[in-house]
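Here are the chains, one letter per residue:
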Amino acid sequence: MLQLSPDRTRKILADAAFRELVSGRARLRWGLSILTLLMFFGFIALISTAKAALGASFAGSAMPVGFAIALLMVAAIIAFTGFYVQRSNTRFDELTRLVNQEFGR
Amino acid sequence: MIVRSLLIALCVAFPFAAMAQGTTATRVRGPDWIAIGMFLMIVAVTLVITWRSAGSTGSKAGFYTAGHAITPVQNGLATAGDFLSAAAFLGISALVYANGFDGFIYALGFLTGWPIVLFLMSERMRNLGSYTFADAAAFRLQRTPVRLVAATGSLVVVLFYLIAQLIGAGKVIQLLFGMNYIFAVLGVGVLMILYVIVGGMQATTWVQITKAVLLLCGGTLLALAALWHFDFSLGRLLAAASQVHPKGAAILVPGGLFAEPVSAISLGLALVFGTAGLPHILMRFFTVKDAAAARKSVFYATACVAYFCWIIPVLGFAAAAILMTDPSYFNVAASGQFNKIADLIGGPNMASIHLAHAMGGPLLLGFISAVAFATILAVVAGLTLAGASAVSHDIYGQVLAGGKASEVRELLVSKISAVAIGVVAVLLAYAFENQNVAFMAGLALSVAASCNFPVLAMAMFWRGTTTRGAVAGGLAGLVASVVLVVLSKTVWVAVFGFSTALFPYDNPALFSMPLAFLLVWLFSVTDRSERASCEREAFAAQFIQSEIGTALASKRPALAAAVS
Numbered sequence: 001m002l003q004l005s006p007d008r009t010r011k012i013l014a015d016a017a018f019r020e021l022v023s024g025r026a027r028l029r030w031g032l033s034i035l036t037l038l039m040f041f042g043f044i045a046l047i048s049t050a051k052a053a054l055g056a057s058f059a060g061s062a063m064p065v066g067f068a069i070a071l072l073m074v075a076a077i078i079a080f081t082g083f084y085v086q087r088s089n090t091r092f093d094e095l096t097r098l099v100n101q102e103f104g105r
Numbered sequence: 001m002i003v004r005s006l007l008i009a010l011c012v013a014f015p016f017a018a019m020a021q022g023t024t025a026t027r028v029r030g031p032d033w034i035a036i037g038m039f040l041m042i043v044a045v046t047l048v049i050t051w052r053s054a055g056s057t058g059s060k061a062g063f064y065t066a067g068h069a070i071t072p073v074q075n076g077l078a079t080a081g082d083f084l085s086a087a088a089f090l091g092i093s094a095l096v097y098a099n100g101f102d103g104f105i106y107a108l109g110f111l112t113g114w115p116i117v118l119f120l121m122s123e124r125m126r127n128l129g130s131y132t133f134a135d136a137a138a139f140r141l142q143r144t145p146v147r148l149v150a151a152t153g154s155l156v157v158v159l160f161y162l163i164a165q166l167i168g169a170g171k172v173i174q175l176l177f178g179m180n181y182i183f184a185v186l187g188v189g190v191l192m193i194l195y196v197i198v199g200g201m202q203a204t205t206w207v208q209i210t211k212a213v214l215l216l217c218g219g220t221l222l223a224l225a226a227l228w229h230f231d232f233s234l235g236r237l238l239a240a241a242s243q244v245h246p247k248g249a250a251i252l253v254p255g256g257l258f259a260e261p262v263s264a265i266s267l268g269l270a271l272v273f274g275t276a277g278l279p280h281i282l283m284r285f286f287t288v289k290d291a292a293a294a295r296k297s298v299f300y301a302t303a304c305v306a307y308f309c310w311i312i313p314v315l316g317f318a319a320a321a322i323l324m325t326d327p328s329y330f331n332v333a334a335s336g337q338f339n340k341i342a343d344l345i346g347g348p349n350m351a352s353i354h355l356a357h358a359m360g361g362p363l364l365l366g367f368i369s370a371v372a373f374a375t376i377l378a379v380v381a382g383l384t385l386a387g388a389s390a391v392s393h394d395i396y397g398q399v400l401a402g403g404k405a406s407e408v409r410e411l412l413v414s415k416i417s418a419v420a421i422g423v424v425a426v427l428l429a430y431a432f433e434n435q436n437v438a439f440m441a442g443l444a445l446s447v448a449a450s451c452n453f454p455v456l457a458m459a460m461f462w463r464g465t466t467t468r469g470a471v472a473g474g475l476a477g478l479v480a481s482v483v484l485v486v487l488s489k490t491v492w493v494a495v496f497g498f499s500t501a502l503f504p505y506d507n508p509a510l511f512s513m514p515l516a517f518l519l520v521w522l523f524s525v526t527d528r529s530e531r532a533s534c535e536r537e538a539f540a541a542q543f544i545q546s547e548i549g550t551a552l553a554s555k556r557p558a559l560a561a562a563v564s
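Chains as they are written, first to last, in the working numbering: chain B, 1 to 105; chain G, 1 to 564.
Among these hints, one or two may not hold up.
To be verified - Here are the simulated lysine-lysine pairs, DSS-like style, with alpha carbons at most 30 Å apart:
hint : chain 1 : residue 1 : chain 2 : residue 2
1    : G       : K489      : G       : K247
2    : G       : K489      : G       : K404
3    : G       : K404      : G       : K415
4    : B       : K51       : G       : K404
5    : B       : K51       : G       : K340
6    : G       : K489      : G       : K340
7    : G       : K247      : B       : K51
Everything labelled a hint here was simulated from the structure, so no lab data went into it.
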């Protein structure tokens, strides 16, 4: 476990780079989580309200609309996770390094 | 050395036992020698992996986490492997086969858990813990009570999941090789214990990677073969399936499973948040060197699981379109009638296996059966290791020995618990032979979503969480989810024989999970003790470490493990 004096803890918490890291990551983390959950539970809500519409054919093909939406949701989930990892690798890891350097750890 | 000679003995003896069983029992389409050969090859490969990993289990870091030295790609594959159990591969394609589109939504629920694991769990877990998820939960809280709750939650989840997998394993092997159910379960049990006690996390990880690669290749091959039959047109495949399926075009529309909103949301919650509370999945984050690697490995795992989500409906619908027109895959009654779902030889769970036979004859059948078998072996090994580490690291090492247990003793306890868990699981799998597998797996996910996940999430994200709150919430979630399942139709009516269920829904998560969160909150805010205010104060240091990690952990994993 990390041993930090109260004074040092306060300093890190007040540090500009640390604050930027924390608030930026929190926005991304909770934003994407809420989006993911809304997507899935929205789809479940759609099923119980507009079942018939989901069974209709999609643009003249034999593919039902609901099926197409579900396939797209799978793609969206890969995109969300990819986006999060890409942002973290480029932006947040950089900030983390900065904070660690600043406090000489 | 003794262990190694045991291994050799097993290498030699197991094949003969399998063959002896194979020749005497009744079988479906004559002896599947190709299937048996491939099955033996897989067993041999996993035993070689285990043997080669035998040197890695001398230290705690080596045994529990493969020395934190697994790369993100490897760990991603292994994590996906942990998740894509036989229940996922055979079970969900069977759901699609029987119910059509609903099975796909089920798979989608499983997948939706992954981004949540990535966003909320992976990085903080890796920054705060070293061996088990209880490390992170108990970071600033009282060690004894919090670890006991976390370890109990882990063990309940592991045991239910393990029994479900073993029952599935027994049934698959029984059908494929004509082995007796009890011998099949026993064989899998012995192999999984061996992987864990001889090879630890390193062997378990490599068995998992082997299986994940095989499963992805096998699934792709089977899906391509099936799509080729329909000129690679998904639309044509769906049309063909709906023409021959007894439910007709209804299989293209969401129906029964998700029709009723309360049950649907409850099931959805268990699927989504259960994943974020599965101990064997959470444990995988400690096998990589730092939080960045944990995050990357979840991305690779998500990509694999998502890819599989695309494949599984293809397999299910293709099995319906192709098998349902061919009576040779069914138990046909004397009258020539058969039920296109229930009478499939070996039950609907065998849909993908039969599809393999229809697409590529005995060769593909052998390959896909062997893949299914490898899937089972790998998942049960991962579960056993997670259960054993909950007993040895959390209960023995941290609670009973107060964190002062010697490494050698803790490892010994761990190996003994792996054997004990294996024996208990085999006995229970024998006792519950005819229990519904999906129900057991569902119960495991509900407990994970109602006990492990709330405790962990609140301890990591909410400053106000105190020991009292975490313990009250965790226990309430655990008890509520188990009791509500017992009172629901699946147990109260089907097992105990009462006429109506006391709890009207199949899945408890919608009620037990919010209850757990509520009680964590309630018992924390009302906690006015000295200790509680210290714990709230300690959140700042935990928060810093959870965000930026320890410099030690990112540079020298072995050292970090030694000091933590």
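Hints the structure violates: just list their numbers, smallest first. 2 and 4
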